[in-house]
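Engineer: Now for the letters of each chain:
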Amino acid sequence: MKKKKPISENAAFAGFLASVGAIVLGLIFGYIMLIVFNPAFANVGIIKILSTGFSTKEKLAKVLYQAAPLMMTGLSVGFAMKTGLFNIGGSGQYLVGAFFALICGVVLKLPWYICLFASMLGGCFWGVFPGLFKSLFNVNEVITAIMFNWIGLFLVNLTLTNIPSALANFYGAATADRTANITAANPTALIPKVWLDKLFNSPYMNISFFIAAIIAVVIYIIIDKTVFGYELKACGFNQKASLYAGINAKRNVVFSMMIAGALSGIGGGIYYLCGTAQYSIIKVLPAMGFNGIPVALLASSNPLGIILSSLFISYIQVGGEALQPEYAKEIIDIIIACIIYLSALSVLMNEFITKMLKAKKEKKDNAALRQSAGASLEAVNAPKEEEK
Amino acid sequence: MRIAADLLGSTILFGVPLLLVALGGMFAERSGVINLALEGIMIIGALAGCLFLRSANLGGWGVNSPQTAMFIAIIIAGVIGAVFSLLLSFAAINLKANQTIGGTALNQFAPAFAVVLTWAIQGQGQTSITIPTWVRITQANFGFAQSASPGFFENLIFKSFYLTTPIAFILLIASYVILYKTKLGLRLRSCGEHPQAAASVGISVYKMRYIGTTISGFLGGIGGLAFTVAAGSGFQSTVAGYGFLALAVMIFGNWKPLSIFGASMFFAFFKVISSYSGSIPFLPKFENITNSSYIYQCIPYVVTMLVLIFTSKRSQAPLAEGQPYDKGQR
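In order, the protein sequences belong to chains A and B.
Number 817 in my numbering belongs to position 124 of the first sequence; there are no gaps in the numbering.
Number 1185 in my numbering belongs to position 217 of the second sequence; there are no gaps in the numbering.
Just chain A, with the same shape it has in the complex (with noise of 0.2 Å):
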């Protein structure tokens, strides 16, 4: 996205610009947010979010190690979202997925790229059910998905408990109440760190961040470069019109949840076969499902954008925790929230900003306007290197 040439008729570009306004009002919410609460550390509390991921080599591994999974899970809201679904259904198919690739790696001992390859089946068989319900049954596919989250969850639970060579329990712990120690029990099912783990200085460092970084540009490419995408496309802005097209909408539904279901549960691999996680038996549903969602909407479900919100929202929240005990971590989700209200009006802003861009444009053939114009626009591209 360099300057320049046709900028002010770039899509692309005013969504970009929409989504930093976004974030700048969140964070500045945020900081209001810290005064309201504790004004003595309000100061303190800021520079720590927009510093902590940086400050060392440690932290910057731990923003990598959460943007993969929030990036996998963001991926699948954006993709559903391209095909005109909305897909809430994250939380049960990145832990169907993980529940596939934990049995992969803890029970059958394979090797990791074939527990990855099972963890997206296993998000996949989870993604099946909104678009069957959807195409066969006409049930709106978030009631179906936030159902399915559940009943993936307590699913996941019961056999996960009933099979005791995936628990920690028989590999030495004292506790039954999660999956195995992958280390422990399958060294080979871990993702390979090569040498980053030693170059960051973190146990947290693998090339995980760089596997979902390449399946963001496959799915970039498969959106915007092939029929197949385009079809899905078609269906997401006029299912009528592309039935008229000779589309098949139904069979389009499911196939664009099982692949945003596959996203989902890649995310859920990726995260448990770190090795620096494990599965707890838990009773709520995990929030990297959930957080797909703010990562999607800031990106305007561009996946080459997501890797860019994924790590935004993951380098916050790096900073969130470094603000206990101060403030509550839980700062950082309002900041989100924020961000997410505004996106939602990014329509809006989009028209705002297109306008402005446009008035500039006209301003252009005024010589005397011409260098301001181009002044202000560098200073709005200035924060995105920030960002990143």
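Simulated from the structure, these hints should not be mistaken for lab results.
Using N, Cα and C, we set each Cβ at its ideal position, and we do this for glycine too.
Hints may contain errors.
[Stated by the list, open to error] One-sided excerpt, in silico: chain A residues whose CB lies under 8 Å from chain B:
(1) Leu825
(2) Ser828
(3) Phe830
(4) Ile836
(5) Asn850
(6) Leu851
(7) Ile986
(8) Glu1023
(9) Ile1024
(10) Tyr1034
Put chain B on the given structure of chain A with help from the hints.
Structural biologist: Same frame as chain A, now just chain B:
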């Protein structure tokens, strides 16, 4: 018989929040706005109500007039829920934003805000607000002592009875009357079906949609408080997905108050069965499976899905739900 009374009592106890919130969802959708923010509205309402109960308890006057305090708490929960829902209305109605996304934002905001606020009020790490025990209505409120061996009715009524239950039933009847027997209800429904037609006869679509979502916020807030007192372990910045369940209940109940009542009790019954599964004699126990209660926990969701399959073909969803109102459209 004891278990039957327990089952029935808990069904009503857990059905009430579902009922209230689903009715709330119904008002919003009937006016044409999808209120996905119910989960968040519940949390904010419960937060406000519980904070009030807490201060009434600390002030010492709550214990003397418990049901007055509870009544005020219910009103506060409703009003704060309604105010919170204005954020959704503003985005969805005035700014024509995507309603699903706006709702998601509120859902993300509410639990985080609740945690931050409870921290700030109660001190670091204190994320749970205790609900005073005097909130429960007991035999003493009616002037007689608890009998030594409570019978069926005494068990049914007084084991877990809160002011939210009778109020919920009053609100159910009120919802029915408002929706079907008043001018407001007719206008509200017309805005959910065909806003342009409604506008053509002089109805303000914006106003109707604002009313719909605000009622929805009010009911959602009360529902949040009802859930928190029913759950019994204090306010913990979560309502365990009940807001979303209520949406399913609403669809299941076909956007009609009385069917929603049936649907919420049906759902609550299966939910309660899962937590009592160990002590109900005729249910299979799955002896050789660890944690078999997970099987029962799945049941309400699976049953809802099955019911939706059979009912969705003749679903009567409001035609214009989820679509921003565009004056120029025909």
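Engineer: Each hint should be assessed against the structure and marked as holding or not.
Structural biologist: Evaluation of the provided hints:
Against a cut-off of 8 Å between C-beta atoms, the interface hint on Leu825 (chain A) is violated, since the closest Cβ of chain B lies about 10 Å away. Here the hint on Ser828 (chain A) is broken, as its CB sits about 12 Å from the closest CB of chain B, past 8 Å. Proximity of Phe830 (chain A) to chain B holds as hinted, the smallest CB-CB distance being about 5 Å (cut-off 8 Å). At about 5 Å, the closest approach between the beta carbon of Ile836 (chain A) and any beta carbon in chain B falls short of 8 Å, and the interface hint on this residue holds.
The interface hint given for Asn850 (chain A) is met, as the beta carbon of that residue sits about 5 Å from the closest beta carbon of chain B, less than 8 Å. The criterion of a C-beta within 8 Å of any C-beta in chain B is met by Leu851 (chain A), whose closest approach is roughly 4 Å, and the hint holds. Hint status for Ile986 (chain A): holds, given a least beta-carbon distance of 5 Å to chain B, under 8 Å. Proximity of Glu1023 (chain A) to chain B holds as hinted, the smallest CB-CB distance being about 4 Å (cut-off 8 Å).
Taken as an interface hint, Ile1024 (chain A) checks out: its beta carbon lies about 6 Å from the nearest beta carbon of chain B, inside 8 Å. A cut of 8 Å between beta carbons decides the hint on Tyr1034 (chain A): the least distance to chain B is about 4 Å, and the hint holds.
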